[in-house]
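Participant: So the chains spell out like this:
4 protein chains.
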Amino acid sequence: MQNYAFILPMSVRDYECDMQGIVNNSVYQNYLEHARHEYLKAVGMDFKIYAQEGVNLVVVRAELDYKYPLESGDRFIVGLNMVRESRLKFVFYQDIFLEKDKKLILKAKITGTALNQHGRPEIPEKLDAFLQNEATVFTAK
Amino acid sequence: MQNYAFILPMSVRDYECDMQGIVNNSVYQNYLEHARHEYLKAVGMDFKIYAQEGVNLVVVRAELDYKYPLESGDRFIVGLNMVRESRLKFVFYQDIFLEKDKKLILKAKITGTALNQHGRPEIPEKLDAFLQNEATVFTAK
Amino acid sequence: MQNYAFILPMSVRDYECDMQGIVNNSVYQNYLEHARHEYLKAVGMDFKIYAQEGVNLVVVRAELDYKYPLESGDRFIVGLNMVRESRLKFVFYQDIFLEKDKKLILKAKITGTALNQHGRPEIPEKLDAFLQNEATVFTAK
Amino acid sequence: MQNYAFILPMSVRDYECDMQGIVNNSVYQNYLEHARHEYLKAVGMDFKIYAQEGVNLVVVRAELDYKYPLESGDRFIVGLNMVRESRLKFVFYQDIFLEKDKKLILKAKITGTALNQHGRPEIPEKLDAFLQNEATVFTAK
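Chains as they are written, first to last, in the working numbering: chain G, 12 to 152; chain U, 12 to 152; chain D, 12 to 152; chain X, 12 to 152.
In case anyone wonders, no lab produced these hints; they're calculated from the structure.
In this text, all values refer to a predicted model and were calculated from it rather than measured experimentally.
Just to be clear, a hint being listed does not mean it is correct.
Any copy will do: because identical chains look the same in the list, a pair fits if it lies in one copy or spans two.
[Said to hold, decoys possible] As a list, the in silico BS3-like pairs of lysine-lysine whose alpha-carbon atoms are at most 27 Å apart:
{"#": "1", "residue 1": "Lys114", "residue 2": "Lys59"}
{"#": "2", "residue 1": "Lys113", "residue 2": "Lys52"}
{"#": "3", "residue 1": "Lys137", "residue 2": "Lys113"}
{"#": "4", "residue 1": "Lys120", "residue 2": "Lys78"}
{"#": "5", "residue 1": "Lys78", "residue 2": "Lys113"}
{"#": "6", "residue 1": "Lys78", "residue 2": "Lys114"}
{"#": "7", "residue 1": "Lys111", "residue 2": "Lys78"}
{"#": "8", "residue 1": "Lys118", "residue 2": "Lys78"}
{"#": "9", "residue 1": "Lys137", "residue 2": "Lys114"}
{"#": "10", "residue 1": "Lys137", "residue 2": "Lys78"}
{"#": "11", "residue 1": "Lys137", "residue 2": "Lys52"}
{"#": "12", "residue 1": "Lys118", "residue 2": "Lys100"}
{"#": "13", "residue 1": "Lys59", "residue 2": "Lys113"}
{"#": "14", "residue 1": "Lys100", "residue 2": "Lys120"}
{"#": "15", "residue 1": "Lys59", "residue 2": "Lys111"}
{"#": "16", "residue 1": "Lys114", "residue 2": "Lys100"}
{"#": "17", "residue 1": "Lys52", "residue 2": "Lys118"}
{"#": "18", "residue 1": "Lys59", "residue 2": "Lys137"}
{"#": "19", "residue 1": "Lys59", "residue 2": "Lys78"}
{"#": "20", "residue 1": "Lys100", "residue 2": "Lys52"}
{"#": "21", "residue 1": "Lys59", "residue 2": "Lys100"}
{"#": "22", "residue 1": "Lys52", "residue 2": "Lys120"}
Let the sequences and hints guide you as you build the complete structure.
Facilitator: This is how it looks when you write it as structure tokens:
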């Protein structure tokens with residue numbers, strides 16, 4: 012496991028498994044979204060409050076590499092780094108590992124933007140400032 | 012809209028929308044999976060029967076470009092083409108359009124393989140034969 | 012099958028099945044909600060528009076009798092009747108049947124109310140008028 | 012809060028909220044199921060292993076009283092007691108409370124049975140023994 016800005020331990024719930032007995036493909040996007048929102052909250056930004064103010068954080072592209080399936084009972088870790096990709100886009104690099112042996116389950120690159128009250132792309136001030144600092148940190152590595 | 016080997020009309024259900032009032036990101040993977048399974052059934056292969064026989068069709072990579080969000084009440088179309096990418100991999104190119112004005116909602120490339128009863132990648136015979144023919148058809152276009 | 016004010020044909024999607032190979036318990040509530048919202052729309056009331064106006068239709072009690080499980084590939088019918096139960100409550104009687112042989116899958120009684128912009132129970136005018144007429148119709152049967 | 016045989020702390024994930032900004036009705040059944048399966052695992056019985064052996068624990072009736080909605084960010088507790096109702100049926104009494112102020116969110120009574128490899132109701136031996144002891148404990152209270 013590499014260095015992550017944020018780590019969220021989770022575990023599979025049985026209703027998330029499909030008839031193959033493994034976690035359904037779409038559910039990983041739920042896990043990843045939950046980790047992103049928890050991270051944003053941890054650094055002082057709330058998806059819900061933005062939504063209530065008419066500012067919508069949205070995904071514009073998702074890339075997911077499924078390496079190994081999660082099963083009922085599995086405990087896992089979602090690791091996350093966030094970087095600015097361009098003026099209006101930011102990227103979450105997210106990996107999912109099994110807790111017990113750190114086996115890689117999934118790698119994802121989720122590209123997002125924010126839409127203002129008029130539905131136009133515009134990064135809100137606080138997120139903008141945060142991304143500038145993060146960018147610095149990441150450059151420094 | 013380009014030519015598709017398969018088209019599935021669907022409509023948004025209210026429980027698929029999240030607090031932003033739009034269809035949640037992960038739900039598009041449900042739509043895409045449903046269209047793939049309906050297509051496979053239409054050409055004589057059943058995800059469920061494969062699963063019962065211990066043959067698991069699995070996604071190894073998903074790329075989704077979110078162009079415009081679906082909302083409550085929207086009727087949409089999932090268009091699909093399937094091509095062989097390599098000996099052990101096949102790809103579904105899937106687009107989602109609004110029914111009324113053909114506005115593009117989402118473009119996806121879903122790469123899959125099949126795992127045999129021993130969990131090893133192996134395309135089952137019928138799918139293998141089908142992909143050979145499809146490949147021909149697609150080359151001919 | 013008895014008489015229903017509204018009937019909605021649907022079919023199982025594979026991602027709705029869990030590791031037992033049958034539709035997960037919670038998914039029936041999705042089916043039932045979808046049928047209720049489609050019914051309300053058909054008689055001129057939209058859950059989404061109410062929500063946008065700050066009027067929330069909410070479930071206060073759900074009773075579900077699971078008679079027989081739905082499986083992958085099953086086509087089914089949701090039948091629905093709506094009656095007023097009291098000044099502030101209305102009830103949906105909803106049954107799910109297999110399409111092919113009319114086998115009963117599930118019986119449900121869903122009790123709802125509406126909350127106004129202040130979060131207080133209050134049936135909106137149009138729904139109130141509709142329920143008065145419906146009540147008459149049902150008494151007449 | 013009364014005495015529970017099992018308590019599970021959980022928290023709302025944003026994707027579980029619908030366009031009303033509150034947790035969707037069906038999602039509570041997910042929470043309740045997850046708590047039941049965690050409880051069974053804690054006392055030595057695994058839903059997944061039963062399913063793999065062809066023994067299916069199934070819900071035959073669900074009654075849910077929705078008292079107050081959960082929202083994004085809410086932390087809550089699922090409390091659970093299990094009692095035998097008859098030779099072939101057992102009941103889970105499940106309550107959901109807000110963690111911070113113990114406000115009651117939902118009360119549920121979930122009635123279940125088990126189906127053996129032939130699809131006939133039959134409580135597996137270990138669960139049968141467990142329910143006998145539990146019954147005693149509950150009578151003693």
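Participant: None of the hints should be skipped; say for each whether it holds.
Facilitator: For each hint, the structure was consulted:
no. : hint            : result
1   : Lys114 / Lys59  : between (33 Å within a copy, 22 Å between copies)
2   : Lys113 / Lys52  : both (26 Å within a copy, 23 Å between copies)
3   : Lys137 / Lys113 : neither (34 Å within a copy, 34 Å between copies)
4   : Lys120 / Lys78  : both (14 Å within a copy, 17 Å between copies)
5   : Lys78 / Lys113  : within (12 Å within a copy, 35 Å between copies)
6   : Lys78 / Lys114  : within (9 Å within a copy, 33 Å between copies)
7   : Lys111 / Lys78  : within (16 Å within a copy, 38 Å between copies)
8   : Lys118 / Lys78  : both (8 Å within a copy, 22 Å between copies)
9   : Lys137 / Lys114 : neither (35 Å within a copy, 33 Å between copies)
10  : Lys137 / Lys78  : between (35 Å within a copy, 25 Å between copies)
11  : Lys137 / Lys52  : within (12 Å within a copy, 40 Å between copies)
12  : Lys118 / Lys100 : both (19 Å within a copy, 19 Å between copies)
13  : Lys59 / Lys113  : between (32 Å within a copy, 23 Å between copies)
14  : Lys100 / Lys120 : both (12 Å within a copy, 21 Å between copies)
15  : Lys59 / Lys111  : between (33 Å within a copy, 19 Å between copies)
16  : Lys114 / Lys100 : between (30 Å within a copy, 23 Å between copies)
17  : Lys52 / Lys118  : within (22 Å within a copy, 30 Å between copies)
18  : Lys59 / Lys137  : within (15 Å within a copy, 31 Å between copies)
19  : Lys59 / Lys78   : between (31 Å within a copy, 22 Å between copies)
20  : Lys100 / Lys52  : within (19 Å within a copy, 38 Å between copies)
21  : Lys59 / Lys100  : within (20 Å within a copy, 30 Å between copies)
22  : Lys52 / Lys120  : within (20 Å within a copy, 32 Å between copies)
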